[in-house]
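A.B. asks: Take a look at the letters that make up each chain.
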Amino acid sequence: MLELHAVTAGYDRRAPVVRDASLTVAPGEAVGLLGPSGCGKSTLARVAALLHRPDSGTVVLDGTPVHRYRHRAPRDRRTAVGVVFQQPRLSADPRLRLTDLIAEPLRATGRRAAAPARVAELAQTVGLTADLLTRRPHEVSDGQLQRACLARALVLRPRWLICDEMTAMLDASTTAALVRVVEDYRTSTGAGLLAVGHDRTLLNRWCDRTVHWDTVTSTATKVLT
Amino acid sequence: MTDISVEKAGKPDAAESAAPTAWRAHGTARRSTHTLRLRVSAALTAVTVLAVLLVPPLVQLDQQAVDLAAKLQPPSWSHPFGTDDVGRDLLLRCVYGLKVSLLVGVVAALTATVIGTVVGATAGALGGWADRLVMRLVDTLSSVPHLLLGIFIVAMFRPGVWPVVISVALTHWLSTARIVRAEVLSLRSRPYIDAAVSGGASRWRVTVRHLLPGVLPQAGLAAVLMVPHAMWHESALSFLGLGLPTHTASLGTLIQGARGSLLAGQWWPTLFPGLFLIIPTLAVAGLAGVWRERINPRRRSELML
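Going down the list, the sequences are from chains A and B. Residues in the first sequence are numbered consecutively from 4, following our numbering. Residues in the second sequence are numbered consecutively from 159, following our numbering.
Read the hints as simulated data drawn from the structure, not as lab findings. In this text, all values refer to a predicted model and were calculated from it rather than measured experimentally. Don't take each hint at face value.
[To be verified] Sample of chain A residues lacking proximity to chain B, with all beta carbon distances greater than 12 angstroms (derived):
{"#": "1", "residue": "81"}
{"#": "2", "residue": "173"}
{"#": "3", "residue": "183"}
{"#": "4", "residue": "189"}
{"#": "5", "residue": "205"}
[Claimed, not checked] Derived list of chain B stretches under chain A, where covered just means 3 residues or more per stretch with a C-beta under 8 angstroms from a C-beta of chain A:
{"#": "6", "segment": "359-365"}
{"#": "7", "segment": "402-410"}
[Said to hold, decoys possible] So the derived label-pair ranges between C-beta atoms look like this:
{"#": "8", "chain 1": "A", "residue 1": "74", "chain 2": "B", "residue 2": "306", "range": "36 to 44 angstroms"}
{"#": "9", "chain 1": "B", "residue 1": "340", "chain 2": "A", "residue 2": "179", "range": "22 to 30 angstroms"}
{"#": "10", "chain 1": "B", "residue 1": "194", "chain 2": "A", "residue 2": "127", "range": "52 to 60 angstroms"}
{"#": "11", "chain 1": "B", "residue 1": "366", "chain 2": "A", "residue 2": "67", "range": "24 to 32 angstroms"}
{"#": "12", "chain 1": "B", "residue 1": "268", "chain 2": "A", "residue 2": "98", "range": "21 to 29 angstroms"}
Backbone N, C-alpha and C define an ideal beta-carbon position, used for all residues, glycine too.
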């Protein structure tokens with residue numbers, strides 16, 4: 004289980020972005036989190052991915068409470084959660100070729116030898132040709148780059164996947180392709196999914212269960228739009 | 159040389175004057191002065207480096223040769239820059255002096271950049287109290303006039319090249335540390351760093367693989383901009399009699415040694431080393447200036463690079 008209990012988080016203790024949010028994702032389950040822009044969905048996603056320390060509240064990952072975040076979190080805990088961000092341009096290191104981008108988590112965790120085979124396999128899965136793999140991020144389109152970012156999130160076979168507005172920048176056909184890749188991964192491995200977005204239609208079709216931001220946070224949060 | 163450069167720089171202008179938009183025309187007008195500056199700076203830097211590298215091994219003349227019969231000769235065909243107060247050829251002394259000054263400048267600038275990059279990247283990558291501590295230390299050191307601090311460091315050693323290098327390097331890493339830290343802080347909050355952390359990258363790996371490569375252009379530019387500054391510092395220390403020993407030819411010691419004869423109306427022992435100091439430093443600074451404008455994203459889009 005990936006559980007968030009009464010999480011309050013933000014970038015300034017006096018004005019938290021997320022107040023008192025609770026959310027549970029079971030293994031193999033796809034949960035959609037729906038909310039308007041600026042409400043704090045991405046911050047909650049970062050907390051769930053152990054990338055941001057909440058001001059209060061607890062995150063329970065596979066039955067064990069999380070006490071350490073970012074670099075301080077043990078490596079196998081961090082890599083148990085894969086993340087895909089909204090903007091592929093910003094979430095890809097501009098200096099790395101797509102091959103290296105996808106293989107980077109393998110190298111960082113000391114599994115360099117497994118990289119070529121795994122990258123080739125994932126490139127096939129997400130639909131990247133060999134030609135695209137040798138290019139750098141500025142030489143490919145947003146959709147192609149987001150495919151690489153999804154491959155990078157899946158390369159370590161995470162038990163949990165968090166898609167933070169993964170398809171917000173993409174056209175319908177790329178959206179469909181990426182969602183299919185995520186769904187195939189989920190059904191074959193039994194991983195849990197938290198899909199964050201503002202597109203009600205997409206999340207309703209994609210996920211087993213869609214929760215609205217207002218029901219996640221116990222008190223009404225301010226909407227910045 | 160200037161005429162040729164202007165003519166060459168004019169060509170892209172003519173080719174692109176067909177471009178319709180106003181800002182484009184404005185951009186190309188600026189670009190031609192850029193090209194001119196780039197070419198003049200590059201040519202002068204190349205001449206300087208070649209002279210310094212080739213003259214000592216190729217010209218079999220002793221720069222230390224004293225000829226008291228020919229002391230303080232004005233510029234002539236046998237001594238193009240004249241001679242100094244013990245009859246040494248000034249052209250040769252200037253080239254040897256430039257070699258020493260350039261060496262001190264380059265080594266000191268590189269050392270300072272390495273120190274600054276390490277300190278700045280550490281502070282930026284660690285953040286929190288380590289960052290605050292290191293940056294307050296940097297602030298404290300910057301509040302001390304750096305020439306004074308440099309004199310203090312030089313005074314601890316016997317005169318020589320290395321004390322000068324150490325003195326200049328230890329007083330000039332502060333600005334580089336600030337630049338690198340600011341750059342690292344801005345890169346650190348990008349989503350691709352989040353992605354790397356989520357992919358299991360250690361702090362070290364994030365810094366070395368993702369943060370430092372993004373900072374290197376800025377650090378390299380800071381290093382090149384520091385070379386002329388370091389050369390001036392070497393000259394200043396030597397002029398004050400604290401840097402290199404007087405028999406070692408450096409631009410600072412040459413100017414210092416020429417002070418007496420200047421009052422007697424002999425201008426050449428001061429003028430030529432002065433020009434040798436000013437022209438190469440301006441050339442290096444000019445190159446660095448062009449580079450700075452190229453890596454500046456706003457300028458880059460204007461230049462359509």
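A.B. asks: Does each hint hold? Answer for all of them.
C.D. replies: So, going through the hints one by one against the coordinates:
no.	hint	verdict
1	81	violated (6 angstroms)
2	173	holds (16 angstroms)
3	183	holds (22 angstroms)
4	189	holds (18 angstroms)
5	205	holds (21 angstroms)
6	359-365	holds (count 5)
7	402-410	violated (count 0)
8	A:74 to B:306: 36 to 44 angstroms	holds (41 angstroms)
9	B:340 to A:179: 22 to 30 angstroms	violated (42 angstroms)
10	B:194 to A:127: 52 to 60 angstroms	holds (53 angstroms)
11	B:366 to A:67: 24 to 32 angstroms	holds (31 angstroms)
12	B:268 to A:98: 21 to 29 angstroms	holds (23 angstroms)
The structure is inconsistent with the numbered hints 1, 7 and 9, although it conforms to all the rest.
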